[in-house]
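Chemist: Residue numbers (this note's numbering), protein chains in the order written: chain E, 1 to 339; chain Y, 1001 to 1339.
Please keep in mind that the hints were generated in silico from the structure rather than gathered at the bench. Quick caveat: nothing in here was measured; it's all calculated off a predicted structure. Quick reminder that beta carbons are idealized off the backbone N, C-alpha and C, glycines included. Fair warning: there could be bad hints in the mix.
FRET-style restraints, in silico, Cβ to Cβ [what the hints assert, rightly or not]:
{"hint": "1", "chain 1": "Y", "residue 1": "GLU1177", "chain 2": "E", "residue 2": "LYS70", "range": "36 to 42 Å"}
{"hint": "2", "chain 1": "Y", "residue 1": "PHE1150", "chain 2": "E", "residue 2": "GLN322", "range": "16 to 22 Å"}
{"hint": "3", "chain 1": "Y", "residue 1": "PHE1150", "chain 2": "E", "residue 2": "HIS182", "range": "53 to 59 Å"}
{"hint": "4", "chain 1": "Y", "residue 1": "ASP1044", "chain 2": "E", "residue 2": "THR199", "range": "26 to 32 Å"}
{"hint": "5", "chain 1": "E", "residue 1": "ASN273", "chain 2": "Y", "residue 2": "PHE1150", "range": "44 to 50 Å"}
{"hint": "6", "chain 1": "E", "residue 1": "ASP270", "chain 2": "Y", "residue 2": "GLY1048", "range": "47 to 53 Å"}
{"hint": "7", "chain 1": "E", "residue 1": "GLY72", "chain 2": "Y", "residue 2": "GLY1254", "range": "36 to 42 Å"}
{"hint": "8", "chain 1": "E", "residue 1": "LYS304", "chain 2": "Y", "residue 2": "GLY1156", "range": "58 to 64 Å"}
{"hint": "9", "chain 1": "E", "residue 1": "ARG149", "chain 2": "Y", "residue 2": "GLY1254", "range": "51 to 57 Å"}
{"hint": "10", "chain 1": "E", "residue 1": "LYS70", "chain 2": "Y", "residue 2": "ALA1014", "range": "32 to 38 Å"}
{"hint": "11", "chain 1": "E", "residue 1": "PRO160", "chain 2": "Y", "residue 2": "ASN1202", "range": "42 to 48 Å"}
{"hint": "12", "chain 1": "Y", "residue 1": "PRO1033", "chain 2": "E", "residue 2": "ASN224", "range": "53 to 59 Å"}
Given next are the chains, with one letter for each unit.
Number of protein chains: 2
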Amino acid sequence: MAKRISRNTFVMEAPPEIHSYAAIVGKKEGDGPLGKCFDQVYEDTYFGQTTWEHAEGELLRLTVLKAIEKGGLTKDDINYMFAGDLINQCTTTSYGLRDLEIPLLCVYGACSTMSESLLLASLMTDGGMGGYVAAVTSSHFCSAERQFRFPLSYGGVRTPTAQWTCTASGAVIVCPEGSGSHICIKGAAVGKIVDMGQTDANNMGAAMAPAAAYIIKTYLNDRNMSPEDFDLIITGDLGRVGGMLLIELLANDGIEIAPRYKDCGTMIFDFENQDVHAGGSGCGCSASVLCGYFLDKVKSGEYKNILFCATGALMSPTMSQQGESIPSISHAVHIAHKD
Amino acid sequence: MAKRISRNTFVMEAPPEIHSYAAIVGKKEGDGPLGKCFDQVYEDTYFGQTTWEHAEGELLRLTVLKAIEKGGLTKDDINYMFAGDLINQCTTTSYGLRDLEIPLLCVYGACSTMSESLLLASLMTDGGMGGYVAAVTSSHFCSAERQFRFPLSYGGVRTPTAQWTCTASGAVIVCPEGSGSHICIKGAAVGKIVDMGQTDANNMGAAMAPAAAYIIKTYLNDRNMSPEDFDLIITGDLGRVGGMLLIELLANDGIEIAPRYKDCGTMIFDFENQDVHAGGSGCGCSASVLCGYFLDKVKSGEYKNILFCATGALMSPTMSQQGESIPSISHAVHIAHKD
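Generate the whole structure from the sequences, applying the supplied hints.
Modeler: Put into structure tokens, the structure is as follows:
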């Protein structure tokens, strides 16, 4: 079982392994710099459905099934899954995954969901309670935009700090040690809500940066590690603005991550040609970049250790209307190559 | 560590214990038949705040702090918590609990949240990864009503099958075996989404009954137990309509629960005098009845074994407007007296 070495940091004793994984994205993400990395790119933004919510549900379902298929499994081999999404009442998860009949533990972490679900799947597996356990999430530009900001048809002008919610999904199947996989989970840390009073829903990167700084610092300190112990430290969707702030916040604490820092939100789109302002965002952003890009490189041994910290702005339109700031959270998962 | 004896049923090996617990409710719940059981009854529906969302957040925060205080602990003793609620983006959890600075794993299970959070806290603890771990949730009539149905000032007439969202919260602190507590968790089962095509958002009990039937049957079968092994089998908020349906559904499978069946939604209000139609509902309904009423009776030994199955209608107004049915889920937690 995993050992809790501090209040909220865990070290795996029999590091759980990643059996298989998949990423599926929409057209815009497919046109981006990572387009060739994803398992599938859908030209049809509706994914064959008639509403945006059903479209996102279908995207999530297809991605889970793809990860299962790539692992040579069937859906009945998955004992249970941790899943969540951005849409109110986790609609995507409930409606998109209901027909799979896989036992479900639904989580909510906004765009930190991939870290939260992967952390829980890994801890349960290291605790001997797993088998094949899935950790999955998704987001969709059109369902998110109309829920969190404006109806698409309104044609609102976006501010320079605004981010673009990715139409993307990622799914990971976790299994116990000894599977022969070349990817394992070495440790994890549970995040806490950090709220520095940022109120601009069009600058989520700035709201999330302090939560990312907290969890990176916590994991490094608790494990007595430094950034140099990792090939990369990866955040979910801080974007350009939040990413720079994170580097600065950690530098103030004597932690220099700049040379080995990547943010999925700045990787998935081409800033010059895709008009995405501060970068990509959404649960599916970090999930698809993890499953489409990073895990292959950990598998091949190009990266030996990465610290994956998806970042969530726990933003609520209702609370923003009440003048409230944006609480944020990030969880850390330490993923490593295994020979 | 807990042993997974089937796809999704777990038996605890070193049964985690319930260190302390608390329930706080609003005025109407305090006026009900269980009024004297709760730790506190607030006359002020706003809980000293200025909006319904902040009111619910404060109710949840007060309840968590009460459970911590009753356990002779401070908030810094809680290593992490599983928490969730009904409000979009789990606003109550994010805003209500942010100042506690307790590491957070947010879950979404609609009204099944108390089962989901208690199940996860128990499994993590039996897996040796706990310490003091909190499992908490809440609901508030006013925040739920305006989100899921109509603004309160609209004065909509309620249908006979409609349920009344409780203004209530429950919090449990789970700790490892050997604490001296007289309440332990013996087992649990992870639910799956069941959707029988029920589309009436004013008859959630009927939507949820099949999910409850599935998880009760699963736990009993997987453990080779019968209803007679329990003093009570408890659902969250099926209400009168859903409760009768559950009894019938299980009877069709040869499982007779009627003599030992209770539903928190039918217990918390006085049907004759409180005009609640089919009964109470909301995450806080089963959470407060568990923490205010049942756990004391398990502690005293009046009940030796109860099966607690909070039930969640994963209802979405957006999806209801699209003509969709209501997927539901329920998780089972087997709670027992320990001498």
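Chemist: None of the hints should be skipped; say for each whether it holds.
Modeler: Each hint, compared with the structure:
1. Y:GLU1177 / E:LYS70: 36 to 42 Å: Distance hint for Y:GLU1177, E:LYS70 holds at roughly 40 Å.
2. Y:PHE1150 / E:GLN322: 16 to 22 Å: At 20 Å between Cβs, range holds.
3. Y:PHE1150 / E:HIS182: 53 to 59 Å: 55 Å, holds
4. Y:ASP1044 / E:THR199: 26 to 32 Å: Holds, at about 27 Å.
5. E:ASN273 / Y:PHE1150: 44 to 50 Å: Given a distance of about 46 Å, which is inside 44 to 50 Å, the answer is holds.
6. E:ASP270 / Y:GLY1048: 47 to 53 Å: Cβ of E:ASP270 to Cβ of Y:GLY1048: about 50 Å, so the range 47 to 53 Å holds.
7. E:GLY72 / Y:GLY1254: 36 to 42 Å: 38 Å, holds
8. E:LYS304 / Y:GLY1156: 58 to 64 Å: 60 Å, holds
9. E:ARG149 / Y:GLY1254: 51 to 57 Å: 53 Å Cβ-Cβ, so the 51 to 57 Å window holds.
10. E:LYS70 / Y:ALA1014: 32 to 38 Å: Given about 37 Å between the Cβ atoms, the range holds.
11. E:PRO160 / Y:ASN1202: 42 to 48 Å: 45 Å, holds
12. Y:PRO1033 / E:ASN224: 53 to 59 Å: 56 Å, holds
Of the hints listed earlier, there is not a single one the structure fails to meet.
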